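Respectively, the protein sequence lines represent chains A and B.
The opening position of the first sequence corresponds to residue 1 in my numbering, with each subsequent residue numbered one higher.
The opening position of the second sequence corresponds to residue 1 in my numbering, with each subsequent residue numbered one higher.
These are computed hints drawn from the structure, not numbers from a lab.
The model shown is predicted, which means the values in this text are computed figures rather than measured ones.
Treat each hint with caution, since some may be false.
Unchecked claim - To be clear about the criterion: a stretch of chain B counts as covered by chain A if any three or more of its residues have a C-beta under 8 Å from a C-beta of chain A, and this derived list gives those stretches:
#: 1; region: 73-87
#: 2; region: 192-203
#: 3; region: 270-282
As the list claims (entries may be wrong) - Here's a subset of chain A near chain B, in silico, CB distances under 8 Å, partners left out:
#: 4; residue: V280
#: 5; residue: A784
#: 6; residue: I795
#: 7; residue: I801
Beta carbons are placed, not taken as given, at the ideal position from N, Cα and C, and that holds for glycine.
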Amino acid sequence: MTGTLEGCAGPGFGSVPRKEDGRFVRGRGRFVDDIALPGMLHGAVLRSPYAHARIRAVDATAAESHPKVRAVITGETLAARGMAWMPTFSHDVAAVLATDKVRYQGQEVAFVVAEDRYAARDALALIDVDYEPLPPVVDARLALSPEAPVIRDDLLDRTDNHVFDWETGDADATAALFARAAHVSECDLVYPRVHPAPLETCGTVADFDRISGKLTVHATAQAPHAHRMLYARIAGIPEHRIRIIAPDIGGGFGNKVGMYPGYLCAVVGSIVTGAPVKWVEDRSENLMSTSFARDFHMHGEIAADADGHILAIRVSVLADHGAFNATAQPSKFPAGFFGVFTGSYDIAAAHCRVTGVYTNKAPGGVAYACSFRVTEAVYLVERLVDVLARDTGRDAAELRMANLLTPDRFPFRSATGWEYDSGDYPRALRTALEMADYPSVRAEQKDRWAAFERTGKGPLTGVGMSVFTEAVGAGPRRLMDIMGLGMADGAELRVHPTGSAVLRLSCMSQGQGHETTFAQIVSHELGLPVDAVEVIQGDTDNTPFGLGTYGSRSTPVSGAAASVAAGKVREQARQVAAVLLEVAADDLRWDVGTGTADGGSFSVAGVPGVSVSLREIAMAAHGGLDLPDGVEGQLAASTVYNPPNLTFPFGAYVCVVDVDPGTGEVEVRRFVAVDDCGVRINPMIVEGQIHGGLADGIGMALMELVAFDDDGNHLSASFMDYLLPTAMECPPWELAATVTPSPHHPLGAKGVGESATVGSPPAVVNAVLDAIGVRHADMPLTPAHVWRALQGRPIRPDIAIR
Amino acid sequence: MQVPAFFEYQRATSVAHVVTLLERFGPEARIVAGGHSLIPMMKLRLAQPELLVDVNDLHELAGITVEDGVLRIGALTRHAELLASPLAGEHFPILHDAERVIADPVVRNRGTIGGSVCQADPSEDLSGVFTALRAVAVVRGVDGDRTVPMREFFHGPYETAVRPAEILVELRVPLQPGAGSAYVKVDRRVGDWAVAAAGAVVSLGPGGVVEQVGIGLTAVGDADFTAVEAEDLLRGRVADEYTFAAAGEAAATHCRPVADQRGPVDYKRHLAGELTVRALRDATARAHRGGSTE
Ligand SMILES: Cc1cc2nc3c(=O)[nH]c(=O)nc-3n(C[C@H](O)[C@H](O)[C@H](O)COP(=O)(O)OP(=O)(O)OC[C@H]3O[C@@H](n4cnc5c(N)ncnc54)[C@H](O)[C@@H]3O)c2cc1C
Numbered sequence: 001m002t003g004t005l006e007g008c009a010g011p012g013f014g015s016v017p018r019k020e021d022g023r024f025v026r027g028r029g030r031f032v033d034d035i036a037l038p039g040m041l042h043g044a045v046l047r048s049p050y051a052h053a054r055i056r057a058v059d060a061t062a063a064e065s066h067p068k069v070r071a072v073i074t075g076e077t078l079a080a081r082g083m084a085w086m087p088t089f090s091h092d093v094a095a096v097l098a099t100d101k102v103r104y105q106g107q108e109v110a111f112v113v114a115e116d117r118y119a120a121r122d123a124l125a126l127i128d129v130d131y132e133p134l135p136p137v138v139d140a141r142l143a144l145s146p147e148a149p150v151i152r153d154d155l156l157d158r159t160d161n162h163v164f165d166w167e168t169g170d171a172d173a174t175a176a177l178f179a180r181a182a183h184v185s186e187c188d189l190v191y192p193r194v195h196p197a198p199l200e201t202c203g204t205v206a207d208f209d210r211i212s213g214k215l216t217v218h219a220t221a222q223a224p225h226a227h228r229m230l231y232a233r234i235a236g237i238p239e240h241r242i243r244i245i246a247p248d249i250g251g252g253f254g255n256k257v258g259m260y261p262g263y264l265c266a267v268v269g270s271i272v273t274g275a276p277v278k279w280v281e282d283r284s285e286n287l288m289s290t291s292f293a294r295d296f297h298m299h300g301e302i303a304a305d306a307d308g309h310i311l312a313i314r315v316s317v318l319a320d321h322g323a324f325n326a327t328a329q330p331s332k333f334p335a336g337f338f339g340v341f342t343g344s345y346d347i348a349a350a351h352c353r354v355t356g357v358y359t360n361k362a363p364g365g366v367a368y369a370c371s372f373r374v375t376e377a378v379y380l381v382e383r384l385v386d387v388l389a390r391d392t393g394r395d396a397a398e399l400r401m402a403n404l405l406t407p408d409r410f411p412f413r414s415a416t417g418w419e420y421d422s423g424d425y426p427r428a429l430r431t432a433l434e435m436a437d438y439p440s441v442r443a444e445q446k447d448r449w450a451a452f453e454r455t456g457k458g459p460l461t462g463v464g465m466s467v468f469t470e471a472v473g474a475g476p477r478r479l480m481d482i483m484g485l486g487m488a489d490g491a492e493l494r495v496h497p498t499g500s501a502v503l504r505l506s507c508m509s510q511g512q513g514h515e516t517t518f519a520q521i522v523s524h525e526l527g528l529p530v531d532a533v534e535v536i537q538g539d540t541d542n543t544p545f546g547l548g549t550y551g552s553r554s555t556p557v558s559g560a561a562a563s564v565a566a567g568k569v570r571e572q573a574r575q576v577a578a579v580l581l582e583v584a585a586d587d588l589r590w591d592v593g594t595g596t597a598d599g600g601s602f603s604v605a606g607v608p609g610v611s612v613s614l615r616e617i618a619m620a621a622h623g624g625l626d627l628p629d630g631v632e633g634q635l636a637a638s639t640v641y642n643p644p645n646l647t648f649p650f651g652a653y654v655c656v657v658d659v660d661p662g663t664g665e666v667e668v669r670r671f672v673a674v675d676d677c678g679v680r681i682n683p684m685i686v687e688g689q690i691h692g693g694l695a696d697g698i699g700m701a702l703m704e705l706v707a708f709d710d711d712g713n714h715l716s717a718s719f720m721d722y723l724l725p726t727a728m729e730c731p732p733w734e735l736a737a738t739v740t741p742s743p744h745h746p747l748g749a750k751g752v753g754e755s756a757t758v759g760s761p762p763a764v765v766n767a768v769l770d771a772i773g774v775r776h777a778d779m780p781l782t783p784a785h786v787w788r789a790l791q792g793r794p795i796r797p798d799i800a801i802r
Numbered sequence: 001m002q003v004p005a006f007f008e009y010q011r012a013t014s015v016a017h018v019v020t021l022l023e024r025f026g027p028e029a030r031i032v033a034g035g036h037s038l039i040p041m042m043k044l045r046l047a048q049p050e051l052l053v054d055v056n057d058l059h060e061l062a063g064i065t066v067e068d069g070v071l072r073i074g075a076l077t078r079h080a081e082l083l084a085s086p087l088a089g090e091h092f093p094i095l096h097d098a099e100r101v102i103a104d105p106v107v108r109n110r111g112t113i114g115g116s117v118c119q120a121d122p123s124e125d126l127s128g129v130f131t132a133l134r135a136v137a138v139v140r141g142v143d144g145d146r147t148v149p150m151r152e153f154f155h156g157p158y159e160t161a162v163r164p165a166e167i168l169v170e171l172r173v174p175l176q177p178g179a180g181s182a183y184v185k186v187d188r189r190v191g192d193w194a195v196a197a198a199g200a201v202v203s204l205g206p207g208g209v210v211e212q213v214g215i216g217l218t219a220v221g222d223a224d225f226t227a228v229e230a231e232d233l234l235r236g237r238v239a240d241e242y243t244f245a246a247a248g249e250a251a252a253t254h255c256r257p258v259a260d261q262r263g264p265v266d267y268k269r270h271l272a273g274e275l276t277v278r279a280l281r282d283a284t285a286r287a288h289r290g291g292s293t294e
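Please construct the entire structure, taking both the sequences and the accompanying hints into account.
This is the structure in structure tokens:
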């Protein structure tokens with residue numbers, strides 16, 4: 001469904017083409033690797049071949065004498081500057097360059113700066129590292145066993161690989177409901193390790209000016225302002241002498257939130273050589289060493305009464321955090337927002353316990369369009385509901401419908417304490433089931449199953465669904481911070497004398513279309529054409545402070561900030577208009593107009609024909625007009641928006657698959673997605689976000705996986721091994737929208753960037769398992785996994801296939 | 001960014017020139033055709049040739065023709081050309097079946113038939129196809145041409161009968177009028193290498209009896225990409241579901257797959273059987289129609 005939607009009227013909103021696409025479709029985007037500064041040098045990282053080994057010695061003399069090498073940086077070099085370790089987002093430290101041990105394959109050991117990228121790579125082979133291999137911890141389930149080697153012996157008094165315990169919900173109330181439940185279903189589910197795998201890998205050009213002492217970092221940074229503070233803390237350069245510039249970014253999905261050793265090494269490389277240093281990682285480096293996602297081993301229990309009403313859910317989770325606890329999430333939420341695992345249902349009590357462990361794998365843990373682990377939560381509850389349906393002989397759709405929260409329950413406080421802002425879940429599910437023609441798919445499925453039982457041949461058909469609730473737009477600063485930085489966003493808007501405008505944002509697009517959506521917000525508030533609003537982002541010297549773009553927070557937080565700033569400018573304009581028209585400001589009525597270059601206008605109530613346009617007001621505000629006290633002149637405003645709550649977008653998805661039981665191959669035949677993200681500012685962009693997320697979901701459900709062998713070797717370090725879905729695996733998406741505005745967002749909008757990534761994997765998995773009649777098997781459901789599940793011997797995805 | 005180590009580069013002007021260069025530079029010289037296997041290995045520095053001999057100008061190596069009852073496919077023929085060739089498809093639908101599932105259009109536009117078989121990757125689809133077809137490779141060196149049956153061409157992973165100072169010139173496939181052929185592959189995703197794949201070429205005699213049959217298996221550990229036991233079992237028997245099942249079982253029993261992230265051994269073994277059956281079924285159906293796909 002495209003075009004106009006309920007709730008998106010007026011100038012500004014609507015499916016206008018993306019302003020940024022003019023340069024992208026012409027190949028004129030400017031990404032980090034397109035930047036070439038005079039005298040620029042090139043960096044390359046030497047990485048550990050071992051998952052776990054002690055470093056006895058690093059000898060860089062041969063590399064240093066390579067004629068084109070200008071510097072070799074080792075852990076020792078960094079230690080001398082107090083930079084060998086850096087703080088993580090999760091109250092831990094991580095090695096920049098290894099000094100004592102390497103703790104995962106691909107970990108950074110040394111950094112070469114050379115005159116060209118070929119020489120930099122050549123010189124890596126000249127560095128001699130003396131390793132003493134140690135037994136690695138690969139299987140997260142063995143990480144806490146007494147025999148497991150201690151990975152983090154750098155930390156004082158460490159005797160095991162335990163990172164944290166965290167719990168939420170009411171254990172006693174939950175136990176009481178379980179005790180009187182007519183039925184309890186249990187299931188072990190692994191949400192395996194996957195990777196955001198943005199098309200553009202991470203990279204930087206660091207440029208330290210020895211004269212001014214100013215460091216300029218061009219980087220793939222989803223959160224430029226947070227990065228500036230991190231550079232200040234780690235490198236000891238005062239924050240006002242650091243400028244982060246994020247140019248065009250080719251996809252992030254959370255992968256470009258964190259601070260990576262390569263960035264810091266490039267900075268040190270620039271400091272020691274006095275020249276700009278570029279470092280851009282290759283595909284293998286990106287897949288092996290940068291923030292992964294998920295890796296949650298979950299045990300879920302769901303209790304229901306005899307009528308199929310869900311009473312309670314209980315979960316225990318083992319979370320594999322890799323070698324350093326570096327998950328990027330609000331610091332009081334060690335398991336992210338996993339606490340929303342009660343999903344879209346009316347559940348009286350719930351409890352969850354999460355234990356994090358260290359393993360010899362890359363750190364990270366939240367990235368990949370997950371809304372801070374809402375992905376895992378949604379997968380858990382949507383799988384459990386299907387298991388319950390199967391165990392109790394109920395239809396999956398009917399069971400959901402009977403348990404969904406109804407619209408009258410909002411705002412709704414969940415059993416784990418989350419306040420859902422608004423929703424109409426039954427309408428979304430009804431719409432999706434109608435679009436899918438659910439009864440006829442069920443009938444077809446029955447016929448195919450009967451034929452299979454007769455002939456032993458497929459295909460088998462399955463239908464799966466999910467009704468997900470997202471939790472996005474972090475977040476209220478009193479609850480949510482990243483490294484002490486509250487998650488409020490600034491925005492600054494200036495209307496120029498001739499009536500065009502510039503909006504400066506703290507968030508940073510990685511392809512989401514901010515230049516268009518945010519211009520539309522200003523257009524909506526001031527009546528200016530979308531093209532008359534320039535959106536500036538990514539440059540910390542030219543944008544206000546804020547926490548960046550991830551967790552679907554841009555529209556909920558920065559979008560609200562833009563709206564508020566524009567509202568302030570409109571009120572300034574009203575004061576100026578009052579002077580121009582010689583009336584009291586209160587007698588002026590705002591008319592947003594039709595989106596012409598004149599912008600909206602103020603007219604005098606009850607006096608037809610007397611009005612002044614925003615364009616005229618802008619000129620007057622910059623001119624010689626005598627303004628009353630308290631009206632400063634010019635049209636400019638800034639704001640800091642502190643969201644009162646998260647927004648809770650939701651949706652209902654139905655997936656239809658065909659499975660070849662002879663080979664285990666799955667074909668996703670149909671995918672119906674009904675999304676509700678409140679008011680849609682640009683429905684086309686929203687649909688684009690949904691398309692991408694649905695493809696992600698098919699990827700994770702059917703093929704994406706980061707696996708390790710017994711020695712901790714990374715088995716997914718290229719796109720030949722880490723499979724991303726292509727257009728061939730994606731059916732024509734069947735989309736629809738319902739609009740339930742957020743009551744607390746100034747525009748009624750909710751975030752949508754991650755909805756489909758969060759909501760689609762369980763729909764696909766449920767469909768495949770429904771087709772083959774298997775209670776549970778873990779993602780990714782590759783042909784081998786499906787076939788083995790059919791044999792009753794499912795494959796454990798988190799360890800290498802043997 | 002992945003970048004290769006230092007190497008020299010020569011653009012060959014004739015096949016003779018190639019042989020001369022290879023002869024002069026020894027085993028550290030490598031032919032580059034489409035580069036879709038070699039260049040990635042160089043970027044990962046798994047291959048570090050000192051000299052690349054570029055054969056892309058050698059039109060004498062390109063082209064698909066039928067002469068004297070033989071389909072001749074030049075080594076420099078691109079995957080896309082083979083896929084688009086009515087001549088190839090008319091005689092051996094297996095070639096189109098396979099080309100449709102090899103890589104993606106971008107790789108197929110550039111990658112060559114010669115490069116594919118000379119790469120000798122254990123998962124290379126065309127290896128199973130040409131062994132099923134009993135094709136013959138023509139290899140040229142300083143002493144002129146010699147021929148190698150494809151069933152003797154592969155000497156283990158990444159090893160072939162082509163010697164350091166030789167070049168594969170063309171593949172010759174004897175026409176088999178009336179034979180049906182087919183190729184089936186299971187991959188985890190379009191463009192992925194095979195988890196397992198099977199090709200079959202079936203000639204039927206009176207009464208639907210199998211006169212001649214070739215079965216190629218890819219990615220299941222057969223060094224020569226051939227299911228000889230299944231072929232032996234089929235010859236002289238009626239081509240029906242029962243026989244196919246027996247042949248599938250033989251293929252499954254005798255293959256030697258190894259476990260990797262594409263799948264465990266039992267699954268790959270199962271696939272070897274299942275896909276052998278399916279390829280035989282399709283090839284036989286085509287044989288009944290005189291070899292064509294329609
Ligand atoms: C993304 C991707 C996906 C792929 N998927 C598949 C797939 O699904 N199935 C499949 O079968 N293949 C697949 N391939 C492999 C592809 O088919 C081969 O890489 C390619 O066709 C090899 O041919 P080339 O011309 O590129 O060889 P090159 O890379 O140029 O050469 C490969 C090797 O052959 C040698 N060589 C080349 N020509 C000659 C000659 N005439 N004489 C002697 N030696 C020669 C070279 O020296 C080199 O050692 C894939 C490749 C990529 C990049």
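Are any of the numbered hints broken by this structure? If so, which, sorted upward?
1
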